[in-house]
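Go ahead and model the full structure; you've got the sequences and the hints to work with.
Protein chains in written order, with the working numbering: chain A, 1 to 291; chain B, 1001 to 1271.
Some hints here could point you the wrong way.
Unchecked claim - Simulated crosslink set (BS3-like; lysine-lysine; CA at most 27 Å straight-line):
{"id": "1", "chain 1": "B", "residue 1": "LYS1234", "chain 2": "A", "residue 2": "LYS148"}
{"id": "2", "chain 1": "A", "residue 1": "LYS133", "chain 2": "B", "residue 2": "LYS1221"}
{"id": "3", "chain 1": "A", "residue 1": "LYS133", "chain 2": "A", "residue 2": "LYS148"}
{"id": "4", "chain 1": "B", "residue 1": "LYS1060", "chain 2": "B", "residue 2": "LYS1221"}
{"id": "5", "chain 1": "B", "residue 1": "LYS1234", "chain 2": "B", "residue 2": "LYS1221"}
{"id": "6", "chain 1": "B", "residue 1": "LYS1060", "chain 2": "A", "residue 2": "LYS133"}
{"id": "7", "chain 1": "B", "residue 1": "LYS1234", "chain 2": "B", "residue 2": "LYS1060"}
To be verified - Stretch by stretch, here's where chain A covers chain B in the computed footprint (C-beta under 8 Å, at least three residues):
{"id": "8", "region": "1069-1083"}
{"id": "9", "region": "1102-1113"}
{"id": "10", "region": "1117-1128"}
{"id": "11", "region": "1222-1235"}
Derived from the structure by calculation, the hints contain no laboratory data.
Ideal Cβ positions, reconstructed from N, Cα and C, are used throughout, including at glycine.
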Amino acid sequence: MTTRGRPSPIAWLLAPAALLFVLFFVLPFGVMAAMSVFSGNPVNNPNAFLTTRHYERFVFDTAGIYHDALWATLRIGLITTIISLLIGYPLAHWMARMQSRLGHALVLMAVIAPMLTGIVVRTFAWMTILQDKGVINTLLIQWGLTDKPLPLMYNEFGTIVALVHIYVPFMVLTLTGVIGRIDERLEQAARSLGAGRLRAFVEVTLPLSLPGILAGSLLVFALSISAYVTPSLMGGTDVLTLPMLIAQQVGTSFNPNFAGALGVILLLVSLAIVIAYNRILARLSGEQGLA
Amino acid sequence: MKAVLNKRPFDAGHAAYVTLNGLLLVFLLAPIAIVLVFALNPMPYISFPPVGVSLRWFEKFFASAEFMNALWLSLWIAGCVLVLSILIGGGCALALARGSLPGRPFLTAFFMSPLMLPAILTGLALFQAYLLAGIGRPVWGLILAHTLVAVPYVIRTTLAVLHNFDRRIEEAAAVLGASPVRVFFEVTLPLIRPGVFAGGVFAFIVSFDQFPVSLFLVVPKGETLPVVLFNYMKFDLDGAIAAASMVSILLALSVVLVLERLIGLKAYVKL
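In structure tokens form, the structure reads like this:
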């Protein structure tokens, strides 16, 4: 056992990964940050100069859309997170407390199966459900509950519904681990001392699962503020988020420098969340952190 | 004791709890089931309820050169990513677990970080880097980009296996006179193989379904299946998309079964 000695020869196996990560991860993010402070492409344009104008463009927002986009991104992320928590908690609790191994495996499969289905495919599924001629509107009209289709899609509502569906498995998996580690006997003790089931849950299990709630929420928030496919297909012209703005700058405006500045802004928001998430997980599981 | 428990009167609270969770499972799974309904529905546009069963959308999907080119490109890229991420991620996990490296928690978090940062930013950063390097948008660039976001999955599953197996097996082999190289090839490698392979299958799916990383890195006429589907869906919403979705869902499902076979799903619960 050489936990504290010199690295063993097996450490060399890290080299290919280190090379890949330096060349295709660290360096590109450095390039993105550099591009965001240049007026053009510094390699092939000799007139490109250092500038803060891309950040100024965002901060002063004379066009009046960037702050709205940032706010919409955060708002959609927050609502998605809260709903995912409300939906994910009961499922996670059920799974963590399930006695039958088969039942546990089946629910786990049901939670993981959507994760293995691509984002584009799942967004398509929600389009078929929520569009004007979709499943819900057809049924509502058939049953005479409404005359004309409800606007369920091409707005923030549809975007959030699909985002919740896509990211709720992450919430469930994070919470299941934490709830599973809470000793069930604590709740039983509270109940044998006269607390009702609800009170035992609210006063014992819920507070003990708080770190899981926080970690799961941060994860879902980080994922949903960086979503691109779902808001651009489900949001129609109603929704403009930061990732959509970035794609616009690259695709239609071809302004990679401004896209870089927007990228840095989104990166900073995400990094803050990721660091908080890691702190919580590290406190939960000792030194292991993300692994 | 058990008999007493079983004789409990009807418990409304518990019934509500189970019903609620049943409904939540329906919410998770119904959308995927609905895609199958539309893939088999012969109507020219997405409409409900279905009027019959036909394979015309699957025919359209498999007959379309655009979809087929994209499907083969995606499969080819995912295959390369599978091999690369097994080699790179498996080695990295071994080094992390057995290399006595200083700063191990930091290194582990670093190699996991592509999962935590917005994938669309990884795509944007690589797009900028390729632009600055003036190399265009080659397929190998896309493959390596996918490998970057797939490697963490292999590291995670391999670390999980390495974490679980008894180190004394390796030590016993060494005590019995096996050289470190022989211990590695005859003991360690066979033991971690299920974890590495399971991670590789996961890497395949991550690449095959990858959208945000691909978005800025594909060239016109050289788009992967998710990008082609996305572009198609912006203008048209017909059964061909449903059929294409079904094909990728079936691929993913068979992968889940393979995973379950290989190491069980437990390894993925640890996020």
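Cross-check of the supplied hints:
1. B:LYS1234 - A:LYS148: holds (23 Å)
2. A:LYS133 - B:LYS1221: violated (32 Å)
3. A:LYS133 - A:LYS148: Within the cut-off at roughly 10 Å; holds.
4. B:LYS1060 - B:LYS1221: holds (19 Å)
5. B:LYS1234 - B:LYS1221: holds (17 Å)
6. B:LYS1060 - A:LYS133: Cα-Cα ~22 Å, so holds.
7. B:LYS1234 - B:LYS1060: holds (18 Å)
8. 1069-1083: violated (count 0)
9. 1102-1113: holds (count 9)
10. 1117-1128: holds (count 11)
11. 1222-1235: This one holds; 5 residues, not fewer than the three required, reach chain A with a Cβ under 8 Å.
The structure shown violates the earlier hints numbered 2, 8.
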